[in-house]
Amino acid sequence: MRRGVTALAGLLAGAAVQAACGDSLSAAHRLLAEADGVQLAFAPRPAPLPLGRQFALDIVVCPAAGQPQPATLAVDADMPAHRHGMNYRTTVTALGDGRFRAEGLMFHMAGRWRLLFDLPAANGQPARRLSREIDLR
Amino acid sequence: MSLRRWLATALLGLAAPAVPAALLDFSDDERARILSHGPWPPAPARDPGNAQSGRPAAVALGRALFFEPRLSAGGTLACASCHVPQRGFTDGRPRALGRSQPGGAADTPLDRHTPTLLNAGQQRWWGWDGAFDSLWSQALQPLLHPQEMGADPARITRLLRSDAQLDCRWRRTHGALPPEGRTDPQAVLVPLAKALGAYVATLQSRRTAFDQFRDALARGDRVAAARYPLAAQRGLRIFIGRGNCSTCHAGPLFSNDEFGDIGALFFSRPGVVDPGRHGGITALLANRHNLLGPWADAPAAGTEDPALKTRHVLAQHRNFGEFKVPGLRHVAQTAPYFHDGQKATLADVVDHYDTLSPDRLHADGEQILKPLQLRGTERADLLAFLHSLDGGATAASLQPPAPCR
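Line by line, the protein sequences give chains A and B. Residue numbering for the first sequence follows the working numbering, starting at 1 and increasing by one per position. Residue numbering for the second sequence follows the working numbering, starting at 1001 and increasing by one per position.
Hints should not be assumed to be uniformly reliable.
From chain A, some residues computed to sit far from chain B (all C-beta separations above 10 Å) [claimed, not checked]:
1. H29
2. E34
3. A65
4. A74
5. G96
6. R99
7. G111
8. L116
9. N123
10. G124
11. Q125
12. P126
13. S131
To give an idea of the chain B side of the interface with chain A (calculated C-beta under 8 Å), a few residues [unchecked claim]:
14. G1251
15. E1258
16. I1262
17. L1308
18. R1311
19. L1314
20. R1318
A few chain B residues that don't get close to chain A, going by computed Cβ distances all over 10 Å [said to hold, decoys possible]:
21. G1038
22. A1080
23. V1084
24. D1257
25. K1309
It should be emphasised that the hints constitute simulated quantities derived from the structure, not laboratory data. C-beta: ideal position from N, C-alpha, C; glycine also.
Take the sequences, apply the hints, and build the full model.
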C-alpha cells in the first residue's frame, strides 16, 4: 500500500513539474516533450494545430535543475512512417529566458507527424533531441 | 444471444431512425474525413501581395484584360484563348499550344498542360511546378513569354491609352497611366497583372452533388444524404479509405496544394526531363516578382503574412519529378490530365492508380500510393464519385461588367 502511495505521489509530483513548464502558454493547446530531465512546452499558433496551413510554435524550454537556459534551438518535423519531412524550413527566434518562437512550419498531409526539437551542446551538457508525435487528421 | 441482449438490441432498433437503404453506413472516422472536404463555397479568395484583389474596379479591369487579344504580339492570343471558360478554363489539349514564331500562330505544343483557373484563388502555389507564389506574378509568365502572348509593355501602354473602355477601367483601378515615354515597364506590367489576378481570384466552381451529400451528413439528414448516388458513395469510400487519395487530395479543394510524385512519365521531350517542383522552387526564389520582392503589396494589418511560404519553402532532392496535386472540383471538365496531359480521360487516370508500379515512385518509407487493384464495380464507383464533384458551368464568373463611364 505504502509503495502504491509513493508511486502516486511520484506521479502527482511529475504532473506538477509538467504543469510548471510553459505555464505562460495556452493550457488548452500546450504540449510537452521531455528527455534527460529537460522539458519543453509548446503551443501552436493558430491553435489547434492546422493541416495544410503554415503555423508557428511558441516554445518554452525548462532545463534540469541547475542548468542554464539554452541560447539556441532548432525545430523540424517529419513523418517517420513515410520517411519524409516538411516542405518548409523552420526559422527560430530566441526571445530570452528559455522562450522561443518557431515560424514557417506546415504539415501538408494527414497522419502521424513528429516534431523535433534540437538543443545544442553547452556547459558540459550533450546535445539533446526532444520529440513529440502528433496525429493529425 | 441471451434474451436480455436480444431485447436490448430490439429496443435500440426501435429507437434509432432507420437508415435509408441508399445510404452506406459510414463510420465516425469516414464521416469526419468526408466532412473535411467542405464546406463549399469557401470564403472569397484574395490574391496574395495584391492590394487590388477583392476590389470591384480591379476585377472589372482584369476581366476585360483576360479576354483582350490585343495584349499579345500579333493581337491574336488572349488569356481566354487557352483558359477557355466553356472548357472549365482549360483548353482541352494535352499540352498548351505555343508559338514557334514571335507573334505567329499558336502551332507548337509546349511542355505542360494548361491548368484550370477555377478555384485558382484558393491555392498556395501556381503552376505545375509551383514557380509562382501569387496569381499576379503567375499572370506575367504567359503574358511576356515569347512562345505565349509575347506582350510588349510599350504597346500595352498605347493600347490602354487608346481604348476608351480600358483607359476608363484603368483610371478607376490604378489612377492615371504612367506618362508617355516612361521607360519602366513594371509601372504598367505589375498593375496590369494585379488586375488579372484580382479577376482570376473570383473564378470559383459551383456547389456539387458531393457538397449536398457532405452537408446533409454534417447536419445528420440521412434522407437528403441518401439522394447521393450509391455508386458515388462507394467511390468516395475508396477515395477516403484504402485508396489513400484524400491524403494528398485533401480539404474542400481536394488538394493539399503541395507536390507529389505519382509515377507519371516526366520526359517533356525525348531526352529532356521536366524537373517539376525542384525547378519550380529555383525559379520562384529567383523571380523578382515573388512575394519577397519590391512589387508585392504588404498584407493588411492583422492578416497573415502571405510571404511566409516563400520565405520558408525548402528545395529538396525529392522534389525532382514532383508536380502539383491538382484540385478535383469540376475535374470532369478539365481533361486531359496530369502535368503534361498524358492521360486522356478520367478513366485513364483511375487506371493509372489502379495498376501503378511502386518501383516508379521512389518512396523511401511507407508507400502512400499503392496499386488500387480495383474489383467489380469499384472502377465505375470511383469514376461516379469524381463526376459528382462537378457542379456544371460557372456562368456567374463570365458576366461582362457594365460599361465604364
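Can we confirm that no CB of chain B comes within 10 Å of the CB of A/P126? holds (27 Å)
Non-interface claim for A/E34, where every Cβ of chain B lies beyond 10 Å: At about 26 Å from chain B, A/E34 clears the 10 Å cut-off, so the statement holds.
Holds or violated: is the Cβ of B/E1258 closer than 8 Å to a Cβ in chain A? holds (4 Å)
Distance rule for A/Q125, whose beta carbon must clear each one in chain B by more than 10 Å: The claim stands: A/Q125 keeps its Cβ more than 10 Å from every Cβ of chain B (closest is about 29 Å).
A closest beta-carbon separation below 8 Å is what the hint needs, so does B/R1318 meet it against chain A? Where the cut-off is 8 Å and the nearest Cβ of chain A is about 7 Å from B/R1318, the hint holds.
Is the Cβ of A/A65 farther than 10 Å from every Cβ of chain B? Fine: 36 Å to the nearest Cβ keeps A/A65 off the interface.
Claimed clearance of chain B by A/L116, with the beta carbon kept past 10 Å: A/L116 clear of chain B: closest Cβ-Cβ about 15 Å, beyond 10 Å.
Is the hint on B/R1311 kept, meaning its closest Cβ partner in chain A is under 8 Å away? holds (7 Å)
Evaluate the condition: distance from the CB of B/V1084 to the nearest CB of chain A exceeds 10 Å. holds (30 Å)
Quick one: work out the minimum CB distance from A/R99 to chain B and report holds if it exceeds 10 Å, violated otherwise. holds (20 Å)
Outside-interface status for B/K1309 - nearest CB in chain A farther than 10 Å: Given a closest Cβ separation of 6 Å, the condition is violated.
Non-interface claim for B/G1038: all C-beta distances to chain A beyond 10 Å? holds (14 Å)
Checked against the numbered hints above, the structure breaks hints 7, 16, 24, 25 and satisfies the rest.
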